[in-house]
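Full structure from sequences and hints, please.
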Amino acid sequence: MTLPWHQNAFAKLKQMIDQNHLPHALLITGMLRIGKFELMQQLVGVLINNDKTIDKDNVRQELDTSVLIRRSNYLNMIYCRAGEINPTTKNRSKNIRVDQIRKFCETLGKTANELQIGVIFYADQMNVNAANSLLKTLEEPRKNTLIILLAHNAKSLPVTIVSRCQSIHIGPAYDQATQAWIEQHIEHMKILMWRIC
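What the sequence shown shows, in full-length UniProt numbering, is residues 1 to 197, in sequence order.
All clues given are correct.
Simulated crosslink set (PhoX-like; lysine-lysine; CA at most 25 Å straight-line):
hint, residue 1, residue 2
1, Lys12, Lys155
2, Lys155, Lys94
3, Lys143, Lys14
4, Lys110, Lys136
5, Lys12, Lys143
6, Lys103, Lys136
7, Lys110, Lys143
8, Lys136, Lys94
9, Lys103, Lys90
10, Lys143, Lys103
11, Lys155, Lys136
Note that these hints are calculated values from the structure, not bench results.
Structure (structure tokens):
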């Protein structure tokens, strides 16, 4: 399901797929909790299913793909994120470290007949050495590889990284479609908030 405030961004991505112009690297940005991960999931769902559209008749397959993506079980997809255990300090890292990016790039560098997808979230948490390590992979993209960087703020990333990615920004929408979606989902949102609090 496309969230109303994702419609423009998803339409742009879908057009790239339809015209066979999907770049080797995407940078998806937007404020905290606007749904960058969900937009990435929707894009990957289309790519994995080798389908141009995900329609209502295909809900089960969409959900199964979503579960696979969320659990990192899609064989040709890897994630890199902050919060992993630092092998030196044995503590959780607040940043994405250079050793994580090196492993990420090495895994993506392996030859694959099918599309390989690498997701870095949130890329604005990379330290300087990690960003520099990623740069070489972005400069020399491999065939059948898509790197998706999710970030809250593109300005926190080095210009050299941003310039090598196709940027997709998700902004808040204050229109009738968003209002209708909120009204339709308000009860579900209240239940979720009640469970969290």
